[in-house]
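**Student:** Build out the structure end to end from the sequences listed, making use of the hints.
Chain residues, written in single-letter form:
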Amino acid sequence: MKREYVMGNGAIALGAMAAGVNLVSGYPGTPSSEIIETISKYPHEGLHLEWSVNEKAALEVAASASYAGARTLVTMKQVGLNVASDPLMSLAYVGVKGGMVIVSADDPGPISSQTEQDTRRFAEFARIPVFDPTSPEEAFTMIQEAFDYSEKYKTPVLFRPTTRICHAYANIDVPEEFKPHAFEGFVKDSKRWVIFPRLSFANHAMIEKRNPEIGDDFSDNRMNFVNTDKPCEKVIFAGGVSYAYAREFLKDFPDIKLCKIATPYPFPEKFALSCLKGAKSVMVLEELSPYIEENLLKLAGKEHLDLSICGKLTGDVSVSGENSYENISLILSKFLGIAIGEEQIDLSSAPSLPVRPPVLCAGCPHRASFYAVKQAMRGKKSYFCGDIGCYTLGNAMPLDMCDTCLCMGAGVTMAQGFHWVDPKMEGAAFAFIGDSTFFASGMTGVVNAVYNEANVVICILDNSTTAMTGHQPHPGTGRNMMGDIVEKVSIENILRGIGLKFVETVDPLDLDKAVDTVKRAAAEKGVKAIIFKSPCIAIAKSTKKAEISEKCIQCKKCIREIGCPAIVVENGKVMMDTNLCTGCNLCAQVCPVSAISVK
Amino acid sequence: MNKDILICGVGGQGTVLASKIIAAAAMEEGNTVHSAETIGMAQRGGSVISHVRIGDAYSPLIPKGKSDMILSFEPAEAVRNLGYLKKDGIVIVNSVPVKPTTETLQETGYDGKDMIAYLKEKCNVIVVNSEELCRKFGSTKYFNIVLLGVAAASGHLGISEEAIMKEIEKRVPPKFVETNKEAFRVGVGVVRGENL
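Listed in order, the protein sequences are those of chains F and Y.
For the first sequence, position 111 (counting from the first letter as 1) is numbered 111 according to this note's numbering, and the numbering increases by one without interruption.
Quick note, this note's numbering runs 599 ahead of the 1-based positions in the second sequence.
Read the hints as simulated data drawn from the structure, not as lab findings.
Be a bit skeptical, because a hint or two may be false.
[As the list claims (entries may be wrong)] Think about it this way: if two alpha-carbon atoms lie no more than 30 Å apart in a straight line, the pair counts; the simulated DSSO-like pairs of lysine-lysine are: (1) K541(F) with K780(Y); (2) K573(F) with K740(Y); (3) K501(F) with K519(F); (4) K525(F) with K541(F); (5) K719(Y) with K685(Y); (6) K374(F) with K573(F); (7) K573(F) with K685(Y); (8) K740(Y) with K545(F); (9) K765(Y) with K251(F); (10) K251(F) with K740(Y).
**Tutor:** Pasting the structure below:
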């Protein structure tokens, strides 16, 4: 064993490797992306590792491997589970042979997500077990047990850390070497592996009988933990990072009964019941949905328990957003009647703080792409459908180029809807989609547009990486997670293959040419595509800088038009922050008096 | 040893590396360490925070009013996170502001000076200027290491200068090690009143 300092996602990765995982697949998404990246940094001979094209593909690749007896890990963020839900719902009926753990990282807040959905609910919906770690340390051991449970009950299992677990660092003792699990290989048996109504009916009955047994099994597992067996009138239940906050608060109160629910589904009823012995009032601390709370209410009804249960449903715990040490300590001090001292500095007279919404980086080629479309369509009513990635930030002022953003790939299809409800628009319906997102779920939308004869302009913002989640490779980059150099999948060829006549690739940093291309695309009928190709500035490190000469007339057009964070006003004068500037040359092309030059 | 250190700034300033070095150095000195980082959308020019908890800790985030030290790369970010500081804690802050683009558009004149004045009134504070201290390196990219030097020499970090220097050597690409070590010494010199 050696002690390492790793992120929660690293602990999950190393735990899976300690469990002998044979195949790992996934699609990047905050807060889950570092799991696969961690594995790629450790020796992993005999293990297949891939960024799949999307979460559905990842789960299906892993499914057959698990049928063959291999241990598999699939990673994604919570909204990725929506994409993977089609194979998941069926796989839950079919089951697996080799252990399969699906990590779906939830994001209370949400901090970097579209929704505050709760993977524990998804587990119950799919009727498969779910594990909910309360710390990186626990995640490391828990995921190893998750593989065992998966094999024992022949079912895929969900593992759902939240952002604060994924991105917390801790000391973990890890094995010196990882050995892949030995497995039998696929044994043909169409009665077992081919889903038909008859199999679904039989397995549905089997699952409903099995799940309460798993709940009892979980009741005996020490992962579900209570600090005292003594009957207490007041009992606290907690799950996930809320348990860590509660423990922090209760450090000086070891006699207060605190129960951890680590396996929310199937709910460990016997464990919960034993914790409730002598209880009169219960407080439930959890994030996202009132999952534990509802299960306790169900249990109380079933067992005719005379007690009050407080949590999200009673308004004692916030229904949305993440918990914190601060809100948990307020809730618990009230519930337990413990006074908390005033320890903070009084900040009532603090000066007003600047707001700092996230913005496109200085020199980001997406800024230039958005600006080119904006210039080309000035004065003509158009629709700008955004998508998921860095370029969602194109919505910020002064660009203001993102009218909608819904989910991965939706921009391509939503632009079509705007065309159908406003076919005579003066401008055009635009979709903006990144290269990785295009591969993940943009391509089918283009086929839909061609087939149904929509008039749309599809702008592919190709920076040759998956930037927002930390620069993962994808099918267009020419390398994969096994470290191989592979054939690049050409976006242009895909579009031409679908049948698009207008497909042009342009450098967005060449403003005049980019504007001209957009104008020509918008003027034509049918489905048109422009590939704005320029590398992500965080990868293609530039040493160039822009300079502002005395010719500057302080009109501030550069600031008003493109909003680059490198252009600032100091003592009333427009200045270039050379620590941020990458010399992309966009501002120089916007300046009306040619006062900006790049060296 | 129990120490809670909060590191804050604006995405892209190098706060994550600073927190990793502190955590690793504390670990090398035999402590249990927990930390937490801002990762995701906020990294693109938003406010970022790293929590480093040395010793006993359950919560991955430092509770408000419990932080021994705030290391801030930006004046307003220090004020934004001041609620985390213990009443007798210390703030080490860069006086050079990062102006958000929205601010530049509306021209409210944010220059960080009010923030520094407020901090001085409220708590124990060491103010440093990233532009002055990094001038000899030609880039403020080394400021995170300078700030570590200030923190280590202040005596409030509880980790030796040697342990931090060792981690810098381990974590920085070989060709930048010397410049980073020099940056660390510049930070140490600020506290010792040396003009390097």
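**Student:** The structure should be examined with respect to each hint, and the outcome stated for every one.
**Tutor:** These are the hints, each one checked on the structure:
A threshold of 30 Å between alpha carbons decides the hint, and for K541(F) with K780(Y) the separation of about 23 Å falls inside it, so the pair holds. For the suggested pair K573(F) and K740(Y), the alpha carbons sit about 24 Å apart, so the restraint of at most 30 Å is met. Annotation: proposed proximity of K501(F) to K519(F) holds, straight-line Cα distance about 16 Å (limit 30 Å). Taken as a hint, the K525(F) and K541(F) pair is broken in the structure, with Cα atoms around 39 Å apart against an allowance of 30 Å.
Annotation: proposed proximity of K719(Y) to K685(Y) holds, straight-line Cα distance about 15 Å (limit 30 Å). Taking the CA atoms of K374(F) and K573(F), the gap is about 27 Å. The hint holds against a cut of 30 Å. Note on K573(F) and K685(Y): the hinted pairing is violated, with a Cα-Cα distance of about 39 Å set against a maximum of 30 Å. Proximity of K740(Y) to K545(F) is assessed by CA-CA distance (about 15 Å); at most 30 Å being required, the pair is judged to hold.
Our distance criterion of 30 Å between C-alpha atoms is broken by K765(Y) and K251(F), whose separation comes to about 34 Å. Simply put, K251(F) and K740(Y) have alpha-carbon atoms about 40 Å apart, too far for the 30 Å limit, and the pair is violated.
When each numbered hint is compared with the structure, violations occur for hints 4, 7, 9 and 10.
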